[in-house]
Amino acid sequence: MSKVTIEGMSYHYGALAAVDDIALTIKDGEFFALLGPSGSGKTTLLRLIAGFLTPECGRLIIGDKEMQHVPVYARDIGFVFQNYALFPHLTVEQNIAFGLESRGMPRSEARKRVADVLALVQLIGLERRRPAQLSGGQQQRVALARAIVTEPRVLLLDEPLGALDRKLRAEMQIELRQLQKRLGTTTIFVTHDQEEAMTLADRMAVLRAGKIAQIDAPMHAYEYPQSRFVADFLGVANTFTGTVSALENGCVVLTTAAGDPISACSDQSFTIGQALAIMVRPERVILQKGSDARERVNTLNGYVSYISRTGASLLIHVTVEGYPPLTIFEQNGQRDGELHEGENVALTWLPEHARVLPAESET
Amino acid sequence: MKHLLRNTARVYIVLALGFIYVPLLIMMLNAFNQSRINQFPLVFDLVWFQKLAQNQRLIRATVNSLSIAAFTSVLATICATFAALVLARQQFRGKAFLQALLLPPMTIPWIILAVALLLTFFWLGISRSIVTLLLGHVTVQIPFAIIVISARLAATDRTLEDAAASLGSRPARTFRTITLPLMLPGVLAALIFTFAVSFDNFPISYFLAPAGVSTLPVEIYTAIRTGFTPEVNAISTLVFIVSAACALVGGREISFGVRSA
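Quick mapping for you: the protein sequence lines, in order, are chains C and L.
So the first sequence is numbered by our numbering: it starts at 1 and just counts up by one.
So the second sequence is numbered by our numbering: it starts at 1 and just counts up by one.
Since the hints were derived computationally from the structure, they do not count as laboratory data.
Not one of these hints is a red herring.
Which residues of chain C face chain L? A few of them, derived with a C-beta cut under 8 angstroms, are:
#	residue
1	ALA50
2	PHE52
3	VAL72
4	ILE77
5	HIS89
6	THR150
Ranges between beta-carbon positions, derived for each pair:
#	chain 1	residue 1	chain 2	residue 2	range
7	C	SER135	L	LEU4	38 to 44 angstroms
8	C	VAL236	L	ALA100	48 to 54 angstroms
9	L	GLN99	C	PHE329	53 to 59 angstroms
10	C	GLY162	L	PRO181	26 to 32 angstroms
11	C	ASN344	L	LYS2	53 to 59 angstroms
12	C	TYR306	L	ARG10	52 to 58 angstroms
13	L	MET106	C	GLN133	36 to 42 angstroms
14	L	CYS246	C	HIS69	48 to 54 angstroms
Pulled from the structure, derived: some chain L residues nowhere near chain C, Cβ distances all over 12 angstroms:
#	residue
15	ALA9
16	PHE40
17	VAL86
18	THR120
19	LEU134
20	ALA151
Here the structure is a predicted model, which is why all the values come from computation and not from measurement.
Just so you know, even glycine gets a beta-carbon here, dropped at the ideal spot from N, CA and C.
Whole structure, please, built from the sequences with the hints as guidance.
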């Protein structure tokens with residue numbers, strides 16, 4: 001069993017708290033993402049788990065063994081580096097066999113294991129090549145093969161696909177996900193790319209300034225962010241701030257500074273007059289041509305300021321007086337007739353599709 | 001315009017290299033010239049090489065120089081390897097200051113270092129001996145060796161050592177299988193450079209060698225002062241060929257120790 005537990009762990013670079021009193025449990029066999037913007041401490045946390053850094057305080061338990069004072073080489077981990085860190089003077093085969101030799105595995109058995117893993121990552125035929133003679137994608141596979149061939153208790157990946165181009169990256173994401181499920185190795189990976197975290201992870205921790213902002217399943221975090229930071233980091237968020245003017249049937253109505261009633265459902269309790277924010281995702285907003293004269297909840301009139309077409313979908317930017325620009329997502333070919341920039345439009349959404357968030361803004 | 005610039009650059013480099021190589025060529029031609037006073041036209045003759053073969057002083061001095069260079073370059077390179085590893089891998093107070101101190105010994109004239117060393121040995125009551133001679137050579141070699149090896153270590157990705165550790169390799173094995181093989185070109189470069197530094201060195205040998213021990217540069221200097229013979233051309237030609245071969249082989253392998261891994 002290779003559950004990973006982190007308790008009260010901190011690490012500073014000078015006065016800066018890179019990891020600030022973090023507690024986290026990763027389940028056995030889980031594919032877990034550490035997601036955050038640069039400087040959020042995600043790589044530092046991974047390096048603390050690996051043992052490249054020693055925490056100032058806190059405990060690290062892998063399986064049922066306390067690890068914070070165990071040297072890297074005795075932790076039984078696999079680590080894939082952002083730049084792969086393949087040994088340039090060794091062949092592909094020698095690179096992969098390195099960890100087996102460290103463990104004193106007999107040569108004949110090591111050869112068999114190397115051959116098996118080469119087949120697994122589809123690198124057969126490249127055994128005698130040196131890292132410099134491989135493409136980026138091949139190097140990535142060698143790095144992965146080298147890390148998994150020893151069947152480590154925990155696999156740690158530091159932005160493993162960061163150096164690949166977009167298309168290859170998407171392919172490798174699928175492969176990585178399938179491979180992880182097949183091996184069942186507890187895997188922790190660092191990324192700043194929320195789409196990658198969503199594609200790969202069973203659960204993720206969103207980090208901000210050395211602290212955990214939210215731990216959740218990716219889609220749940222996307223649908224139910226607990227803060228404006230998480231809402232913004234995981235995708236586009238249309239956010240409205242105001243004070244609570246009514247509470248009815250599990251829904252909250254805010255009145256914004258511009259005087260519009262904005263509503264969202266929540267099972268939390270609030271009080272009249274409280275400052276809050278309401279967030280709605282771009283794909284939840286319904287856009288209609290023309291303007292809507294009825295003064296209903298969640299109805300705003302504005303005009304199209306910009307349309308960004310990416311092929312399969314459109315991102316429509318709408319300006320509504322008194323609010324920051326809003327973004328609406330639509331499938332291509334969904335509506336009859338073209339939508340034009342400058343056109344008047346009415347926006348609306350259901351209260352159950354919007355989320356109530358604390359009013360604090362970004363810092 | 002671009003064309004002109006490129007041609008000018010080419011002519012410039014040819015002239016600069018010519019300035020270095022033409023005198024060497026003249027010297028080498030005269031090693032094969034029958035004339036005692038280096039007179040042209042050249043009359044091909046191996047007489048000076050034959051004389052050289054009988055000149056026990058020059059031969060002994062050459063053997064001395066080669067032995068001293070071989071011994072001290074190995075010693076200096078071993079010391080410098082450890083020093084460079086410590087400088088590259090350990091953090092300690094005053095490290096930057098120590099690294100800065102490595103550069104002046106390469107720009108301070110060797111004659112000043114030689115006098116300073118002689119003075120120090122005198123103060124310590126140590127008379128000139130083979131040991132003082134060797135110590136003097138190692139002293140001037142070490143900064144060169146440290147800098148060449150450090151450049152190589154700096155160009156080596158440190159995450160490779162982390163990678164080895166993550167694969168279960170203990171530090172000693174990591175050093176043997178990863179660090180050492182990757183720094184080896186730098187170590188070889190240091191060996192070649194320090195060998196050349198020792199072999200060329202006149203002032204250190206002149207001041208620190210015990211009576212009766214002479215090196216090739218000292219012997220050539222003496223020979224020129226007491227009356228030039230073309231045997232010096234002959235021995236210089238041999239030395240040039242060996243040095244140039246070393247530099248070409250070494251240079252290919254190392255490019256000043258900074259070739260990427």
